[in-house]
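*Asks:* Residue strings, one per chain:
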Amino acid sequence: MSRKPILQLLLTNDKASRWLFIVMGVLGVLVPILNLAVPADSAFHVPTYMVTLIGKYLCFAMLALALDLIWGYCGILSLGHGAFFALGGYAMGMYLMRQIGDRGVYGNPVLPDFMVFLNWQELPWYWYGFDNFGFALLMVFLAPGLLAFLFGWLAFRSRVTGVYLSIITQALTYALMLAFFRNDMGFGGNNGLTDFKDILGFDLQADSTRVSLFVITLLCLAGAYILCQYITRSKAGRVLISIRDAESRTRFIGYKVEHYKLFVFVVSSLIAGLAGALYVPQIGIINPSEFNPLNSIEIVIWVAIGGRGTLYGAIIGAILVNYAKTTFTSGVFAEYWLFILGALFVITTIYLPRGVVGILDGYRARKKADQAAATPVPQTAGGK
Amino acid sequence: MVETKVQSILYLNGVTKSFDGFKAINNLSLDIRPGELRAIIGPNGAGKSTMMDIITGKTKPDEGEVKFRDVIDLTKHDEAEIANMGIGRKFQKPTVIESLSVWENLELALAGHRNVFQTLFFKLDKAQIERIEEILLLIGLQERRAEQARNLSHGQKQWLEIGMLIIQDPELLLVDEPAAGMTDYETMETAKLLKSISENHSVIVVEHDMDFIRALDTKVTVLHEGSVLAEGTLDVVSSNPRVIEVYLGR
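The listed protein sequences correspond, in order, to chains L and R.
Under numbering that gives the first Met the number 0, the first residue of the first sequence is numbered 0, with each subsequent residue one higher.
Under numbering that gives the first Met the number 0, the first residue of the second sequence is numbered 0, with each subsequent residue one higher.
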């Protein structure tokens, strides 16, 4: 109802968003300084691998944000969102492959290593243009966006909803995984794309490049968050909630439900694609396992644990679960990680339907209630 | 709002719809005049809900004509298009958007733009705010405007839903069992509300509650096994022996 710009609204009225921006701001300033300006032997030095690790978490946070937009606000449970992430990643990976030039193992100036290995004579047509960063960037959005548009147009128009939709999203990402595993698809098959050298002329191994990628990821996450906030706070956002809560009612009020679903599904796929594109140069590889349906299910778990339908909950969930994953998969618990993850999901679903964010909200509500109770009411002395 | 040129706001002729061989609607004909308030009664399974589904585009009839304002063929349009033409529907079970406030529910239903990009940049203007206030007053929920709809009582939800219908400015309102589950007081208030709405709109009410029908004091159509059994004032139809046999006598 307010006419204030969205950013101002987020910074003044919304405590959670304000905290989120403060934390992101601190990270964005502190991490580069502690990595680049503080000497490596200092206790305050942040090693480059850590910068990249946090950068990876931020990419996952963005992916979780994309899923929360459709699942939390519109009730579309996609179990194949990893596909959009991977497509964005592949588009970026193809650009990075072209940047290698003749520095590959085989030294072929035109063909990437895996094509030489397969005895290919010329570059497939769909690799044209990826020498150009602008074109690659366009494809980062176009590939997932177009797939989401086609898939969504068919699925939503046929009124496929609920668990059926979830199953076909799962099938979609599985089919893509099988396709990308094939060598003759021309995307590096099983090994995917790797051995990247530089991006826009900057060495990918250099600390300064790593830190820059980290900061860009942080900025993109903030931008995606603001975009999602804008959408969910607009009247269109209330239409989405209305679709989630009472789809046929929404139709009878006169809204074309399939248009809204398609819109938000495409926006979500674009955010997921961007997250994938930021992930690849930091991690240094993209392969078909990113299409694995299990990855997509993990995204749902991040969002559920963080707190569905809050946006910031998705970010918190993604970072928490992935931090736990890093910690547990490198120690004695490594073998049990999947059990831990499964247990976390079950516990959250049963005891914390609103996720970690729900605990914080509950705490805040209790504190408020306590304060209200502590304030003496003049007439009825004492009260309850 | 209602053009005098229009003969029938809603005209059904020979409509038939079967599900797996069972004829839910069988050669049904119905003619609603502009500004009319019509009550429709009938035992369970008489085809009332299927009739509503056909009018609002949820179900397509196997045969027969369904015309809105004499010329528009409703069988060729989907729910959203029909809603935007000016046919509003209230469900039997109150369906309001539970996690939105009373105000937001009304804002959503407010007549006007429905496409994604218009709603993305939508701001309420002064006239629209006044319109919402007006409806809040009519349905008696001014005090509860900021309340989430899930916290309303059953009767209040029904009223909110009726409010959401009126604010769409439909020419024809379809109201499915508005008095179901209401207290006697709420039932009479609802009858009053519908009568006042019917001054500016055509209204079709499906109802079981005879006291409610009596309070509406209007023409009644009795449905049975998918077709019209009798039509007339409540006194006329309730003295019809066939009607007594299939419905009232039970």
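These are computed hints drawn from the structure, not numbers from a lab.
Treat the hints with care, as some may be off.
[What the hints assert, rightly or not] Straight-line C-alpha distance at most 35 Å; calculated DSBU-like pairs for lysine-lysine:
id, chain 1, residue 1, chain 2, residue 2
1, R, K191, L, K14
2, R, K59, R, K194
3, L, K367, R, K122
Fair warning: this is a prediction, and the values are worked out from it, not measured in the lab.
*Asks:* Next step is simple, just say for each hint if it's right about the structure.
*Replies:* Consistency of the hints with the structure:
A threshold of 35 Å between alpha carbons decides the hint, and for K191 (chain R) with K14 (chain L) the separation of about 46 Å lies outside it, so the pair is violated. Restraint check for K59 (chain R) and K194 (chain R): satisfied, since their Cα atoms lie roughly 30 Å apart, inside the 35 Å limit. Between K367 (chain L) and K122 (chain R) the CA atoms are separated by roughly 32 Å; this keeps the pair inside 35 Å, and the hint holds.
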